[in-house]
Amino acid sequence: MAWIVFLTLSFLCVGAVVAMIVSRNQAHNALFLVLAFASLGGLFGLLDAPFAAAAQVLVYAGAIMVLFLFAIMMFNLRRPEPPEKKRLRTVLAAGLGFVLLLELVLAGYRALSGASAGVPAGRDLAHLGRLLFTDYLYAFEITSLLILAALVGALALAGKREGD
Amino acid sequence: MIPPAAFFILAALLFVLGVVAFFVKKDLLTQFMAVEVMLNAGNLAFLALSRPAGRPDGQAVVLFVITVAAAEAVIGLAIIVLVFRQRKSIRTDDLKGLKG
Chain P
1 MAWIVFLTLS FLCVGAVVAM IVSRNQAHNA LFLVLAFASL GGLFGLLDAP FAAAAQVLVY
61 AGAIMVLFLF AIMMFNLRRP EPPEKKRLRT VLAAGLGFVL LLELVLAGYR ALSGASAGVP
121 AGRDLAHLGR LLFTDYLYAF EITSLLILAA LVGALALAGK REGD
Chain W
1001 MIPPAAFFIL AALLFVLGVV AFFVKKDLLT QFMAVEVMLN AGNLAFLALS RPAGRPDGQA
1061 VVLFVITVAA AEAVIGLAII VLVFRQRKSI RTDDLKGLKG
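Line order of the protein sequences matches chains P and W.
Going by the numbering used here, the first sequence wraps up at 164, each residue one higher than the last.
Going by the numbering used here, the second sequence wraps up at 1100, each residue one higher than the last.
Next up, chain W with everything else stripped away, as it sits in the complex (with noise of 0.2 Å):
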């Protein structure tokens, strides 16, 4: 049997790449799969630790995070096709309206 740390290495892991991918990408699409990436460690580690506790509470937190994670990504994508429209760029470079 796999150890329960074995799997937490693994989300820490992809919750690092997550994170790396956001800060080195500069298309919001990408960024915004990259901030999936994190959700999705964020799930592996619970399910990781909530084998050896003998509880199924682990998966319905994951249910959870899919549904908020499908959420997100519904409004995040209607925002950046917002974006996409009146710019014509989705390019972290080009939106620099805030900057002053």
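Pulled out of the complex, with its shape left as it was, chain P reads as follows (with noise of 0.2 Å):
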């Protein structure tokens, strides 16, 4: 059972993703990564972490996503994009895909060929709440940090009328 729901949706993932290389209209682009990030949500909730499946359909799937629509409409791009000409391109990069999977592959191969099948994870996430405001507390802090500054950024950077 586990493998049919693991399978469906790493086969919905991985499918959008490569619709996504094939695609050539953004908006669309933008829907089949929508479709990419609730599945893998749902591959993180195979994996027994649940607020990280929540935390990926709620703020990727969802607000991210949506970001990245509202600035599509921005763009306001009404002609398709042409037709992608350089082969050779396409071809060095699917050469240096090539060489990373079998580099992630091996590399993945050495890492788990120690690790036992194990205990599962802790599922209660209060244990996962203390381990953020305990072993992470500068981590957390530093995100909120990090977001105020990316707000500012993005105020001063976007906020600005044409004429300055």
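Hints were generated in silico from the structure; no laboratory data involved.
The beta-carbon is built from N, C-alpha and C at its ideal position, and this holds for glycine as well.
No false leads were mixed into what you were given.
Label-pair distances were calculated between CB atoms; the ranges are:
| no. | chain 1 | residue 1 | chain 2 | residue 2 | range |
| --- | --- | --- | --- | --- | --- |
| 1 | W | 1055 | P | 92 | 33 to 41 Å |
| 2 | P | 127 | W | 1002 | 17 to 25 Å |
| 3 | W | 1003 | P | 50 | 18 to 26 Å |
Derived contacts from chain W toward chain P, CB cut-off under 7 Å, selection only:
| no. | residue |
| --- | --- |
| 4 | 1020 |
| 5 | 1040 |
| 6 | 1064 |
| 7 | 1077 |
| 8 | 1081 |
Heads up, simulated SDA-like pairs for lysine to any residue below, C-alpha to C-alpha not over 25 Å straight-line:
| no. | chain 1 | residue 1 | chain 2 | residue 2 |
| --- | --- | --- | --- | --- |
| 9 | W | 1026 | P | 24 |
| 10 | W | 1026 | P | 88 |
| 11 | W | 1026 | W | 1095 |
Each of the two chains sits in its own frame; use the hints to bring them together as a complex.
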């Protein structure tokens, strides 16, 4: 049963990303990405990570992709993308991707060969919350500063009027 | 129970697809989306490797990655909007000012 869910979700996810590579319409790309991120959220749930799954669906598939869609609406690109001409670039990218995939799978194989199948991760959110405010307290606070900086930076960058 | 290796291979595949998309596509917005795909592949790898360890640290890292990705998306999209306002295009073919 878990395998069926895993295979369905991973097929959806990979298929959506491939469709994003093939498609030339930016709005379609963003919607494909929403599908990919939503199915990734399901995969996170399958990995006994309910908090990450909820954050993935809410923040990624929800907030960030809506931001992308708003940006696409601002660009108002009526004419479709012209077809890609450079084949060389595609071939080079495919070669790079192949080498990278081999390397990552090798690295993962090395990393996982020592791991035991082991106990499932702590499901309780209370443990995670305690972890966030003890071991990861500095990272947590720095993250809040980062968000504030991003907010102010975005206002400073895009909030200017045309004539400035 | 699905072995972590299956999740890890999926994460590697997603990361590679993100890299390929970044190099194949030629508009800034889609390249930016490819970066998001890579970040998500990283998230999946973190969770896949933290479950066999039996610790919730993976979820904490994923929270930080999502937050950083949100901040990055905000700033990146603001910069892309600025570029579009100045050049009326977000095709990387049209943005060759640094090429000299």
